[in-house]
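Novice: Here is what each chain is made of, one letter per residue.
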Amino acid sequence: MEMIKLEQVTKGYQGNPLFADVDLTIQKGDIVGITGPNGSGKSVLFKMICGFIHPDAGTITVRNEQLGPTRRFPENVGVIIDRPGYIAHKSGFENLKQLAAIRKVITDADIEQAMRTVGLQPGNRQKVKQYSLGMKQKLAIAQAIMEQQDILILDEAFNALDHDSVLRLRELLLSFKKEGKTIILTSHNQQDIDALCDSVYRINQGQLEQVG
Amino acid sequence: MLQQIKLIWSQAFTVKRCVLYLLIILGLPVLQFSFIYEGYQFFLPIEVFEETLSGTIPMLFPVLAVLIFLPIFIAEYKDNYLTYVRTRASLKDYLLAVGFVNAMLTGIVFFLMTIVTFVLIHYVEPIIGLVDYWSLSEKTYETSNAFSFLADIHPLLYAVLYAAWIGLNGAAYATLAYLLILALEQVYLAISLPFVAYHIFNFVAGIMQAPQFSPISTVFPFNITEQPLWTVFVPFAILVVVNITLYLTMIRPKPEWIFQS
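Protein chains in written order, with the numbering used here: chain A, 1 to 212; chain B, 1 to 261.
Don't take each hint at face value.
Said to hold, decoys possible - For lysine-lysine, the following DSS-like pairs were computed, each having C-alpha atoms within a straight-line distance of at most 27 Å:
| # | chain 1 | residue 1 | chain 2 | residue 2 |
| --- | --- | --- | --- | --- |
| 1 | A | K127 | B | K16 |
| 2 | A | K90 | B | K78 |
| 3 | B | K6 | A | K127 |
Since the hints were derived computationally from the structure, they do not count as laboratory data.
Let the hints inform the model, and build the full structure from the sequences given.
Specialist: Set out below in structure tokens:
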């Protein structure tokens, strides 16, 4: 089953042409890696799939629904993009609870479970502004998975994580793959890409070249 | 949309936020009252009320309007939180809901500040007797303003309608700051501009010898002689037009929202 499909997508961003007639199809249960140098457009690609920005030409389809005026953003997609997002003066649990209240599809117990899964203590009353970078990253991962999202879009999800946490996240993503979840990710660490991805695409001169 | 409004509304009622609302509703008027109740010649409670709502509150009015709800949104905006909201809800709905709550809450806080101050001064203070009222027979000057005719009908009518006017203006200034945040995407500039514009227009109206059209004297018309009621609507109408223009020209046409906080 095709979960994400880009057809003839062209996109320029802030005056720079980034993608020209790009096609990409990602099947259910695949883990796909996207690589490329800084500024090549990895985040822009992810933002287009999330519906944050729109292609200048071409179509993006998620779960057979084309993004556009009637479907602005795909539902039930877990995202880490740009950097973790949080309200600094609230605890990690309070942050997740506030986000979860938007869709109201999970309970407090689900939030606590997601926090434990990534190695955070739900009962920790510490405010997020006092979190280390790694803890903020874990919180971002928790928000991306807490609602049992079946598509995960993870831009540099391994950033700032210690070695054990990296291994734990890799195991987690592989277990999600077994559950049939679809994952598209970037990482500056080639080992993450090698360990996880079924296929790898490199952004090169406005095209997605399959390199693995 | 309604669910978004309920969610955002509930976020505005933490203990710290409630203390802030109480300080604005009660603290500022009580402070101002403590400065004026002995030092002026008062003939009627309504004069005490009007003097209590003079001074600091008019000077800081746009700042107070920005303080009531917008810090909650600014924290979300600056910390990249909105990125993770928009994967769960329509960003357009969310931003509209924030705008609605911002205007409503600001309006309600200012409404309460005005009406509570009026009730305390008009109905409670005379029982306590802190203010020494002079006999009306000794009054040699007029203290009426653009809204005074309402008090002649009934003091409570004056209180409710004037409080609604203050609330409406507060909501308009809070909305201006919110729209500027979205339009300019520069938070500190956006929240400063309403205050700067408020005082620049006060200054300009003073220079042009038309204080009846200054923002401060139309919201708090106690420092000028009585003017026709329509004059108070002039700066307000301009403010509403600016808000609508900002929305139509800089916010609604925006094809993509990339927050560069």
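Novice: Are the hints correct? Go through all of them and say.
Specialist: Now the hints, each set against the structure:
{"no.": "1", "hint": "A:K127 to B:K16", "in the structure": "holds, 15 Å"}
{"no.": "2", "hint": "A:K90 to B:K78", "in the structure": "holds, 14 Å"}
{"no.": "3", "hint": "B:K6 to A:K127", "in the structure": "holds, 24 Å"}
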